[in-house]
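**Q** For reference, the chains in residue letters:
Protein chains: 2
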Amino acid sequence: MQFGSKRIHRGRVINLDVDTVRFPDGSTGELEMVRHPGAAAVVPVASDPNGDDPTLLLIKQYRYATDGELLEIPAGRLNPGEDPADCAKRELLEEVGVSAGRVERLTTIWTTPGFTDEKIHLFWATDLKTGQHAREPDEFIEVSPTLLSDALTLIREGRISDAKTVVGILYIAGFILGY
Amino acid sequence: MQFGSKRIHRGRVINLDVDTVRFPDGSTGELEMVRHPGAAAVVPVASDPNGDDPTLLLIKQYRYATDGELLEIPAGRLNPGEDPADCAKRELLEEVGVSAGRVERLTTIWTTPGFTDEKIHLFWATDLKTGQHAREPDEFIEVSPTLLSDALTLIREGRISDAKTVVGILYIAGFILGY
Chain A
0 MQFGSKRIHR GRVINLDVDT VRFPDGSTGE LEMVRHPGAA AVVPVASDPN GDDPTLLLIK
60 QYRYATDGEL LEIPAGRLNP GEDPADCAKR ELLEEVGVSA GRVERLTTIW TTPGFTDEKI
120 HLFWATDLKT GQHAREPDEF IEVSPTLLSD ALTLIREGRI SDAKTVVGIL YIAGFILGY
Chain B
0 MQFGSKRIHR GRVINLDVDT VRFPDGSTGE LEMVRHPGAA AVVPVASDPN GDDPTLLLIK
60 QYRYATDGEL LEIPAGRLNP GEDPADCAKR ELLEEVGVSA GRVERLTTIW TTPGFTDEKI
120 HLFWATDLKT GQHAREPDEF IEVSPTLLSD ALTLIREGRI SDAKTVVGIL YIAGFILGY
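Chains as they are written, first to last, in numbering that gives the first Met the number 0: chain A, 0 to 178; chain B, 0 to 178.
Note that these hints are calculated values from the structure, not bench results.
It should be emphasised that the depicted structure is a prediction, and the values quoted were computed from it without experimental measurement.
Even for Gly, the Cβ is constructed at its ideal location relative to N, Cα and C.
A hint or two may mislead.
To be verified - In silico DSBU-like links for lysine-lysine, alpha-carbon gap of 35 Å or less:
#1 A/Lys-59 - A/Lys-128
#2 A/Lys-59 - B/Lys-5
#3 B/Lys-128 - B/Lys-88
#4 A/Lys-128 - A/Lys-88
#5 B/Lys-59 - B/Lys-128
#6 A/Lys-59 - A/Lys-88
#7 A/Lys-5 - B/Lys-5
#8 A/Lys-5 - B/Lys-59
#9 B/Lys-88 - B/Lys-59
What the hints assert, rightly or not - Restraint-style ranges between C-beta atoms, simulated for each label pair:
#10 B/Gly-80 - A/Gly-157: 43 to 51 Å
#11 A/Val-17 - B/Gly-100: 38 to 46 Å
#12 A/Arg-158 - B/Gly-50: 25 to 33 Å
#13 B/Val-12 - A/Arg-9: 30 to 38 Å
#14 B/Val-12 - A/Arg-11: 16 to 24 Å
#15 A/Thr-129 - B/Gly-177: 32 to 40 Å
The task is simple: from the sequences and hints, build the whole structure.
**A** Structure follows, in structure tokens:
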């Protein structure tokens, strides 16, 4: 479909291309496309997932884009060639300070396919053990243990509003824990 | 937090800025920020929402970013000053060809706050009446009526993978229809 591509910006996190493309009906046009290496995110389930109301180790994170803090699941960009499950484990240790005995795949989402090719591979982690934080210098993170029941209330009320976090929590609540 | 901003690209859908910012600890750095006007999206529920298994009017849409079709809820960018609910109604008519007697707010999500300020206001629509399609020239859309039960299976299996669509469907399934 693509027969032309112009790199407008090569950045630290993303690149921006303007591509000339042919659409399904044969017409052509220009599309802005933010290129992203992809990411992994993980719902850390601290207590027995078969218990009545497990605790999720969420993080409060300052986000420049929202000019405030968001309550999120740990996540990060894939390194070149990195397996998404390994990335999820790495981010869990870096951001929450725990290692996981089990990390299982949930699904993969396109964050906003109108203008970026970013996809996020979602996991959930259990059998957690305390490890050593290793945050990036520009990450401002506080671990916020949250009961699943409270997390669902926060989602319903719009107080958890990060898309990957909403998807990850509703996915395990509905499809895995039968909550 | 911001004390410098350089517009790298002024585009059709998005703008790209590189901002110089001060982080919570007083350090400074550069951040790439994709500026987006925001969007509205709507879950069209075709039959009685109190029925056992309502039908959602999803759309199959070609997406250049994914190099294929995605199954999504109708959505679109806010026009300048536009009320998100009005945008949801407009996109529902343009993309699905129905007008809605009732459009109610679900929540608002940040699509991917690491690099964009885009937020999507989510609604659900009932009391639907056939209207007139009015698609944009670069939209390639087919309406795909889907039972809620089938939509949940498609989400569980990763075959519905657009973030706003997953959030919208899981939200009404869990919090409104008690599915």
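**Q** State for each hint whether it applies.
**A** Hint by hint, here is what the structure shows:
1. Using a Cα cut-off of 35 Å, the hinted pair A/Lys-59 and A/Lys-128 holds, with the two alpha carbons roughly 20 Å apart.
2. Under the criterion of a C-alpha separation no larger than 35 Å, the hint pairing A/Lys-59 with B/Lys-5 is consistent with the structure, at around 28 Å.
3. Restraint check for B/Lys-128 and B/Lys-88: the C-alpha separation of about 12 Å stays at or below 35 Å, so the hint holds.
4. For the proposed pair A/Lys-128 and A/Lys-88, the alpha carbon gap of about 12 Å is at most 35 Å, so the pair holds.
5. With a C-alpha separation of about 20 Å, the suggested pair B/Lys-59 and B/Lys-128 falls inside the 35 Å cut-off, and the hint holds.
6. With a C-alpha separation of about 18 Å, the suggested pairing of A/Lys-59 with A/Lys-88 holds against the 35 Å cut-off.
7. Proposed proximity of A/Lys-5 and B/Lys-5 is supported: the alpha carbons are some 20 Å apart, at most 35 Å.
8. Note on A/Lys-5 and B/Lys-59: the hinted pairing holds, with a Cα-Cα distance of about 28 Å set against a maximum of 35 Å.
9. Restraint check: the Cα-Cα separation between B/Lys-88 and B/Lys-59 comes to about 18 Å, which is no more than 35 Å; the hinted pair holds.
10. About 22 Å separates the C-beta atoms of B/Gly-80 and A/Gly-157, a value inconsistent with the hinted range of 43 to 51 Å.
11. Remark: the range hint 38 to 46 Å for A/Val-17 to B/Gly-100 is upheld by a beta-carbon distance near 41 Å.
12. Checking the proposed 25 to 33 Å range against A/Arg-158 and B/Gly-50 shows it holds: the Cβ atoms sit about 30 Å from each other.
13. In this structure the supplied range 30 to 38 Å is violated for B/Val-12 paired with A/Arg-9, their Cβ-Cβ distance being about 20 Å.
14. In this structure the hint that B/Val-12 and A/Arg-11 lie 16 to 24 Å apart at CB holds, the actual value being about 22 Å.
15. In this structure, A/Thr-129 and B/Gly-177 meet the distance hint of 32 to 40 Å, their C-beta atoms being roughly 38 Å apart.
Comparing the model with each numbered hint stated earlier shows that hints 10 and 13 do not hold.
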